[in-house]
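Engineer: Generate coordinates for the entire structure from the input sequences, incorporating the hints supplied.
Chain order of the listed sequences is W and U.
Heads up: the first sequence runs through residues 0 to 183, numbered per numbering that gives the first Met the number 0.
Heads up: the second sequence runs through residues 0 to 646, numbered per numbering that gives the first Met the number 0.
In case anyone wonders, no lab produced these hints; they're calculated from the structure.
Accuracy of the hints is not assured; some may be wrong.
Simulated restraints on C-beta separations [claimed, not checked]:
1) THR369(U) with ASP162(W): 53 to 61 Å
2) GLU278(U) with GLU89(W): 49 to 57 Å
3) ASP124(W) with ARG541(U): 31 to 39 Å
4) SER282(U) with ALA50(W): 18 to 26 Å
5) ASP399(U) with MET49(W): 39 to 47 Å
6) ARG139(U) with ILE160(W): 30 to 38 Å
7) ARG147(U) with TYR104(W): 28 to 36 Å
8) ARG151(W) with ARG379(U): 50 to 58 Å
9) PRO12(W) with ASP399(U): 48 to 56 Å
Ideal Cβ placement from N, Cα and C applies to all residues, glycine included.
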Amino acid sequence: MAKKKRIIYTNRPWEATGICSGCRLCELYCSLQANGTFNPYRSRVRVVEMATGIDIPVTCQQCQDPACQAACEFDAIVFDPKLKIVVVSEENCTSCQACVGACPYGIITMDPVSNKAIKCDLCGDSEPACVEICPSRVLGALDDLAAAEFNRRRAAALLAIDDELLRARPGGEDPVMKKLEKKG
Amino acid sequence: MKSAKNCYAGKILRIDLTSGSINSEALEDDLVGPLIGGRGIASKILYDEVPPEIEPFDPENLLIFAPGALHGTGVPAASRTTLTCRSPLTHMHGDGHSGAQWGGELKRAGYDVLVIKGRAQKPVTLIIDDDRVELADADRLWGMLTSRTHTALRDETNIADLQTVCIGPAGENRVRLSAVFHNGADKGVNARCGMGAVMGAKNLKAIATRGTGDIGVVDIESLKAAYKEYVEIINTDPHPVGGTRYGTCRFMYHRVQFGIHGAENWNYGAYPWEKLDPEIFRSDYQIKAGSCVACPIRCRRDYRVVSGPFAGTTAKVEWETIARSLTCGIKEPEGVIAWANICNHYGLDIEGTGDTVAFAMECFENGIITAKDTDGLSLRFGDTEAFLEITRRIAMREGDLADTLAEGTKRAAETIGAGSERFAMHVKGGEMTAGDPRGMPVRAVSYATSTRGSDHLRSNPYIEEIMKPEEALKWWGSEEAADIAKGLKGKGRMLKFSEDLVTIGDILGLCKFAFYRSATFPWLYQKGVTLATRFYNACSGRNLSEEEMLLTGERVWNIEKAYNTRCGASRADDTIPQRFFKEALKGGGPSGGTVVDREKFEAILNEYYEDRKFDPQTGLQTRAGLERLGLNDVADDLAARGKLFGN
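Structural biologist: Shown next as structure tokens:
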């Protein structure tokens, strides 16, 4: 039995070509796979342009207990036993957008042409189009264990920023710790 | 929302800023059929609607935005959008091509071409949000740098993915060296030919666009098959691999190999370049390997200065940024990056500005311009502070000297006089670009014949460097054509072919680095002609042959040539600055001591004219040559103006 997978930003920041280049080929080929046309607004993976030189691909994390599914009152977000993820049933979708509001990643969204909810379905049985096309090879369809390797680094990255900020503060005083100490 | 049958949106959007009218019309088959898209359609609209009686800054001049026919699809490196107008710099055909996402948004909103005419009473922004097209007040944006304009528009509209084009203060001030910028300072730029000034003259500060419709593709399987073949080539061909590693900075090694820097206003072929080594840029300044939309090559580079007085400065830097810095004698990456930052934020064209500053520097070194004129600025080659300050002043037209320089090299030399004309390095008013042509005669001719003033992207003369003698014999009838310095026969034919070849790229919206540069000629042909045609057929549903594709390039070239003839150009204008003929290249190195041999130059030009079916004596086009391309209307128009050979 195949394991559940999700698309992960498998960056290698120590390589100049190991970071999302911002080419958006993933968006174009995702929409081609889904609809047979090119349209980044219908893509299930979106590249977010943060600043000059910082582009980050974001897509569905295939949550264990999906907020989108919980928010849907019309059984339009259903569990696919074969893929072990939830997928959108276009038939049932009433375009109410409750799932869009519920998603913590802002990644389930409305298709501007069909006006139905869209989310990553890992391209069903075939190799995900975004993974296949990415010239920098920074998108991967990983199972839970492999994804954990990257998620762990993400968590560490957040703490590393924290360390950096604390180090930069003159005197080394940390207002958060101070607050906590006062409470105690 | 538009339907999505093929790669065309099917409409032309026309805006008249004087009356505020907004109209759309069908993109007719008589434009698409023979001209395909992008630069092809834009050049024809300019020819038909902007006769030479209309001056560049007149409201009747047009700004024609035309994304390449394949822009917005997933064809690799189909990222280019053409902007065409009558150029205030050359007074002839003007266009520029940028790699950014805006053109795709325009097509997704439903328009293949955007034609802007007239002049608004006061600053306006054009907003195209799918079916909603309107003009909005831009008083608040006027005066803003390109970067600020972009973020202000995103803030105002609250659309995070909004794609914009805008001008900076340079365009507003009608600096003839200004450009049009996509998404602020660091994305694509429609540069050359001073088109920012035309946008400024129209009081059009920006265009904000979002389009959420589909762009279609007729034959998905053949598109994917061609994509696969394309990737196989770029993974084998060492040329694109170098682009991925270094960005366009890689051309430094080419310039060093041939000793053709053109440093210090095109005086030095070899020059101290060591601190500008691509490897140093890569290890010490590069943020990452970035890319234009849909491009697997990833040669876009943003660099950041980490320490020193310019610490924190970030800018998109292309090879030409470095080359033009060398033209001004700048030898350190910090100076290059800081200068790119100023040009990009104030809205200047790097190439034109760099050459104009170099011209001013040579005048200063020779006492034609003095410290009194520069307001105390020591405008010497290699003085970074002066380099940056004069650039900013040009953008703002601050002071008499900068105001003069803002008119471009040719006009500045005419105003300054006193023998400065011999330091003015331009062709038809367009400043020099790329490498020094001394030691490479066909390169010299290619700068002369370009339809938008001196240009290295208008043709591909470098193919002489990659062709084997037997290939040259097969294609150009002479093995000589593969000999860079000594060869003569076949070079004119090679030039004509390479001009038609890269024109295909601008028509389809394909990047020239990704499609028209390779380490061997077979790869180049496979990508630039065979695959380009297959990509187009797959996306459009048409069935063009490779010959028809090349013929389309030739057709478009002839329209532009006719436009320039109509504006008064003749064979006498198809030349290069006298310096290249008369003064030996300084600094030693592989091309040191050479000049462009005038006899060779003329011989190649003659062969080129013959192959183009132009009259060699006058440079005028012939009826037979034009009718062969189906350009009977152009022939009639030239005849009526007494500009057709034999009429």
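Engineer: Please go over all the hints and tell whether each is borne out by the structure.
Structural biologist: Hint check results:
no., hint, in the structure
1, THR369(U) with ASP162(W): 53 to 61 Å, "56 Å, holds"
2, GLU278(U) with GLU89(W): 49 to 57 Å, "52 Å, holds"
3, ASP124(W) with ARG541(U): 31 to 39 Å, "34 Å, holds"
4, SER282(U) with ALA50(W): 18 to 26 Å, "22 Å, holds"
5, ASP399(U) with MET49(W): 39 to 47 Å, "43 Å, holds"
6, ARG139(U) with ILE160(W): 30 to 38 Å, "35 Å, holds"
7, ARG147(U) with TYR104(W): 28 to 36 Å, "30 Å, holds"
8, ARG151(W) with ARG379(U): 50 to 58 Å, "56 Å, holds"
9, PRO12(W) with ASP399(U): 48 to 56 Å, "50 Å, holds"
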